[in-house]
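There are 6 protein chains.
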Amino acid sequence: DEELYQDNEIAGVVTGLAWTQVGGEILFVESSLSKGKGSLTISGQLGDVMKESAMAALSYLKFNAEALGIDHRIFQQYDLHIHVPAGAVPKDGPSAGITMFTSLASIFTQRKVKSKLAMTGEITLRGKVLPVGGIKEKILAAKRSGIKEIVLSSKNRRDIEEIEKHYLKGLTFYYVDTVDDVLKVALLKEKVKQPMTFSLTESRLQPQYNN
Amino acid sequence: DEELYQDNEIAGVVTGLAWTQVGGEILFVESSLSKGKGSLTISGQLGDVMKESAMAALSYLKFNAEALGIDHRIFQQYDLHIHVPAGAVPKDGPSAGITMFTSLASIFTQRKVKSKLAMTGEITLRGKVLPVGGIKEKILAAKRSGIKEIVLSSKNRRDIEEIEKHYLKGLTFYYVDTVDDVLKVALLKEKVKQPMTFSLTESRLQPQYNN
Amino acid sequence: DEELYQDNEIAGVVTGLAWTQVGGEILFVESSLSKGKGSLTISGQLGDVMKESAMAALSYLKFNAEALGIDHRIFQQYDLHIHVPAGAVPKDGPSAGITMFTSLASIFTQRKVKSKLAMTGEITLRGKVLPVGGIKEKILAAKRSGIKEIVLSSKNRRDIEEIEKHYLKGLTFYYVDTVDDVLKVALLKEKVKQPMTFSLTESRLQPQYNN
Amino acid sequence: DEELYQDNEIAGVVTGLAWTQVGGEILFVESSLSKGKGSLTISGQLGDVMKESAMAALSYLKFNAEALGIDHRIFQQYDLHIHVPAGAVPKDGPSAGITMFTSLASIFTQRKVKSKLAMTGEITLRGKVLPVGGIKEKILAAKRSGIKEIVLSSKNRRDIEEIEKHYLKGLTFYYVDTVDDVLKVALLKEKVKQPMTFSLTESRLQPQYNN
Amino acid sequence: DEELYQDNEIAGVVTGLAWTQVGGEILFVESSLSKGKGSLTISGQLGDVMKESAMAALSYLKFNAEALGIDHRIFQQYDLHIHVPAGAVPKDGPSAGITMFTSLASIFTQRKVKSKLAMTGEITLRGKVLPVGGIKEKILAAKRSGIKEIVLSSKNRRDIEEIEKHYLKGLTFYYVDTVDDVLKVALLKEKVKQPMTFSLTESRLQPQYNN
Amino acid sequence: DEELYQDNEIAGVVTGLAWTQVGGEILFVESSLSKGKGSLTISGQLGDVMKESAMAALSYLKFNAEALGIDHRIFQQYDLHIHVPAGAVPKDGPSAGITMFTSLASIFTQRKVKSKLAMTGEITLRGKVLPVGGIKEKILAAKRSGIKEIVLSSKNRRDIEEIEKHYLKGLTFYYVDTVDDVLKVALLKEKVKQPMTFSLTESRLQPQYNN
Ligand SMILES: [Ca+2]
Ligand SMILES: [Ca+2]
Ligand SMILES: [Ca+2]
Ligand SMILES: [Ca+2]
Ligand SMILES: [Ca+2]
Ligand SMILES: [Ca+2]
Ligand SMILES: [Ca+2]
Ligand SMILES: [Ca+2]
Ligand SMILES: [Ca+2]
Ligand SMILES: [Ca+2]
Ligand SMILES: [Ca+2]
Ligand SMILES: [Ca+2]
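Protein chains in written order, with our numbering: chain D, 10 to 220; chain Z, 10 to 220; chain C, 10 to 220; chain E, 10 to 220; chain S, 10 to 220; chain X, 10 to 220.
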């Protein structure tokens, strides 16, 4: 798996960190958009908690669309698919939340994700980042896979401080409180080489603004 | 969790009180609105009873929309998401009913929720507030977390009176019979700093009023 | 619970009688309408039989709408929610059928329900009232809660006659065969103080009457 | 149950015969129509086989609508509800098929059903009537309940012939092969006293006939 | 069952062969069309595999509609119901696939099905006919029921050759590789006596042909 | 099964390799399109993982439609059915992913699939090809069935190298990293003999291009 995505030329692919019975693992969250009617498909044998993470990530992205320069009509006129290979491995838990959010932000903006970067952390509906478990095992797996930078909840800082120094050599850590902070680190300004072009229709009814 | 929301600058976030096998806990109900078609998403590993509480809270809010100055078209033209972190912890029971209602009232009006305030109580479909259990444990958890004011059903008054005085020091209690009373205490007149602006389309058909 | 609804100023709230392992209980059926598209939500941890009772009650109300002066467009242009607190207590069985029907009749007409009145009985799709069990326990619970009048199926008359007289003191019984008879007793002509005003759109296509 | 429907003044109510562990029983199939969008609701704690019977009966009625003088737009512009009291008693099996079909034919035509008539038999999608079991017990229950005429599949004739004569006294039997034959016996030409008036809109697009 | 359909005057009824624990059986697949919106109902207590057979048969028929002279708008403007009596007998397996396909071809074209003909074989999505099991028992059941001609996959030829000759007397076998071959044998050119007349609306948008 | 599809004249049929308890097997993925509204049907007793593979394959095809010359309106105006015979055999796992993708590419372009070619490999949402298990058994089954060329993930190269040479005689292997590479090998430029003609309506609203 480690060599699956060696560059960051594909929008919507972000490296996460998982914890399993047999140690840490890296995983990839993939997102894809295609013309449609706003449907959401989630695949990769994900459990309930992980599916709910995806939904929270999507809701926060929609709420924050304007700030990210995302045309709101894309949510209605494109179908979104989120997948986490390998397809036969059951996965669950909230710790892929910020990875999913970053994947969504990348696919909707067509901006590159920083390479050799991984992340782990729960997302709340209002964009807070909560701490998660299995930090030591995840860090070791990240290092093994050639990751250089890692994004974590600031409440996981103490878990890092408990790891022996030599294991952390060559790794840079970013401690965040919000997913806005995650994007400052992980989402580059630059678009991918062949960015998708969104074809959007006018909405039928003229909106009026009120408050 | 205690420091998750230290201010009240985000609309739709309200502190509730939960009771678990190992004592009381505070929890946060988060609500979010995004342009859509009136769908409702509920997440956070909530059980049937808690989901039904959310639906009762929403129905009462819709029934009461005019009194709160909420444009009814928002219910049809925005999608609502209610989430209760942490995402992996199963939660159930009716006692988050008034917390959910206050969260909805805040997100739909963009008004601030009073800070350092927590609440617990079941909501009925017609806006009554019913008493709930685990009061002592919940009060201790609230105090530990820096809560200063607590809203309860008036039928829980006797549960408070049975708690030793020194535990209650520094806490103010509001006993209520209806969720209208809850809002009088919990929902400030002031809007949040950057209130969401709702973009609404005319409904297509001219309404006629009759009775 | 007994003091939850001390007056009858709220439309759509009707007192029913339930039978549990530990004796009789009163319960409240609450109904609520809000602008929508004709959806039906049922909550309160109701079992299959009780949900089907609600659906039979609604179908009979729709069939009988004209006789009750209900504008048929309300069924298409408003959402209906039926709830039976307390939200965490599982409830089942057919005996709340006529209570649900009366609740619906009240919310759709905005007419008051007679106060200090309770009822128990199964409803059929064509508006018949069938007898139910647990009559003695239900009567005792009603009396304890301050109920003065009780509506029952005429086929439950013999169950009342088997109860010792002194238990029945202060109670008036109405024996009915149809839910039309139930409404004659339970639904007052007078509307509630602040009746809801229904805002209805014309249906798009001009109806033509044929037979 | 026996006295529930003593006359035949209500359209859509037909008497069927059921077989239970403790003997035969009569049951009533009730149908109701109300303005809507063509939805189908089935209630009365019916099992899968009995629900499928209802669907086969409805499909055959739609196929045969013209012959019965039913305006096809009713199927699209009215909601149909089929209920079998008592609501708490689980029921299953195919033998109510022709009873359901007769109930539907009556509610859609507003024609009276013959009184003191009961029936039992499976319906196929193309309107054949198949034999069913428990005939002796069903006949005894019918007689006990005051039924005078009974409709059966011609393939159940031998089951009747095996019953001792004196049990059959006062009963007339009709043996049928198709549900068209059932209606010839069971559905009167006369409409019920206050027949429902169907209010139908034009269909939007001009049909063109081809073959 | 054997005498259920003695002639072939009803479109959409085809005789299949089933294999059960207690020997072979004939069964009838019935199809029915009524004005609607293109919905599909499958009944007769069919298992997953048999339901999927029906869906494969329908997809192949749609793909092949033009060759059979079927107006494609029927698929959108009529509802289809497939039923396999007896309604209470659970049925499963892929061997009714070609029977279902022939039933669909007959109901959509209103052409007669050859009488005293039965068939058994799995259908694939592209119209191939796969061999099935229980051939000997099925043949005996067919003969017992007065069937004269039988359609089978050519890969079941060897199963027939293993049956003792005298059992096959009076039976003609057709070995096929595709469902197109099935129709050549089973579907007569002649329409049923009173063919259904399809009433179709124009599709709203003018199609343009491209490739 | 081996002789089911002896030529490649039918679009949408691709040979895959499966691994079962009793050894390797070839299987056929079949796809079919018919006029409709963009629905997806998956059949053949497929498990969750295999269904998710189909969905990932379809999403990647939609994303890549322009490059393959597929008119995007087909996805909205045609229904897609994917089936894997034999219908009664349960199948699961991710290894049919690239077979499904090739089947979809063929049916949507009406281009021929190379004959005597088989493939096995997981597809990710962004079109990567992941290695799968059971390679030796699958290769033996392919050879037994007359397959001459096989497409695999480049990460399965070492599994081939571990197989004794004489087993591989007469087989050519293609090692790929992406499904684009799969199509270069498997999908011929030439269309099938009687290619389907897609009849498409204009989309109602004039698109505007922005980014
Ligand atoms: Ca690894
Ligand atoms: Ca779960
Ligand atoms: Ca805590
Ligand atoms: Ca539950
Ligand atoms: Ca009580
Ligand atoms: Ca049940
Ligand atoms: Ca009885
Ligand atoms: Ca069943
Ligand atoms: Ca037989
Ligand atoms: Ca199954
Ligand atoms: Ca084989
Ligand atoms: Ca599974």
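One thing to keep in mind: the hints can contain errors.
It does not matter which identical chain is used: a pair holds within one copy or between any two.
[Stated by the list, open to error] Derived lysine-lysine pairs resembling DSSO-like cross-links, with alpha carbons at most 30 Å apart:
no., residue 1, residue 2
1, K145, K123
2, K152, K46
3, K46, K145
4, K157, K60
5, K202, K164
6, K46, K157
7, K174, K164
8, K44, K193
9, K200, K44
10, K123, K202
11, K202, K174
12, K174, K198
13, K202, K152
14, K46, K178
15, K44, K152
16, K202, K178
17, K44, K145
18, K125, K164
19, K200, K152
20, K164, K46
21, K200, K125
Derived from the structure by calculation, the hints contain no laboratory data.
Hint by hint, here is what the structure shows:
| no. | hint | in the structure |
| --- | --- | --- |
| 1 | K145 to K123 | within (22 Å within a copy, 39 Å between copies) |
| 2 | K152 to K46 | neither (41 Å within a copy, 44 Å between copies) |
| 3 | K46 to K145 | neither (42 Å within a copy, 43 Å between copies) |
| 4 | K157 to K60 | within (28 Å within a copy, 36 Å between copies) |
| 5 | K202 to K164 | between (36 Å within a copy, 26 Å between copies) |
| 6 | K46 to K157 | neither (39 Å within a copy, 42 Å between copies) |
| 7 | K174 to K164 | within (19 Å within a copy, 34 Å between copies) |
| 8 | K44 to K193 | both (29 Å within a copy, 25 Å between copies) |
| 9 | K200 to K44 | both (20 Å within a copy, 26 Å between copies) |
| 10 | K123 to K202 | within (14 Å within a copy, 32 Å between copies) |
| 11 | K202 to K174 | neither (38 Å within a copy, 43 Å between copies) |
| 12 | K174 to K198 | neither (33 Å within a copy, 52 Å between copies) |
| 13 | K202 to K152 | within (28 Å within a copy, 42 Å between copies) |
| 14 | K46 to K178 | neither (47 Å within a copy, 50 Å between copies) |
| 15 | K44 to K152 | neither (38 Å within a copy, 41 Å between copies) |
| 16 | K202 to K178 | neither (32 Å within a copy, 42 Å between copies) |
| 17 | K44 to K145 | neither (41 Å within a copy, 40 Å between copies) |
| 18 | K125 to K164 | both (23 Å within a copy, 21 Å between copies) |
| 19 | K200 to K152 | within (27 Å within a copy, 46 Å between copies) |
| 20 | K164 to K46 | neither (39 Å within a copy, 37 Å between copies) |
| 21 | K200 to K125 | within (17 Å within a copy, 42 Å between copies) |
In summary, the numbered hints that this structure violates are 2, 3, 6, 11, 12, 14, 15, 16, 17, 20.
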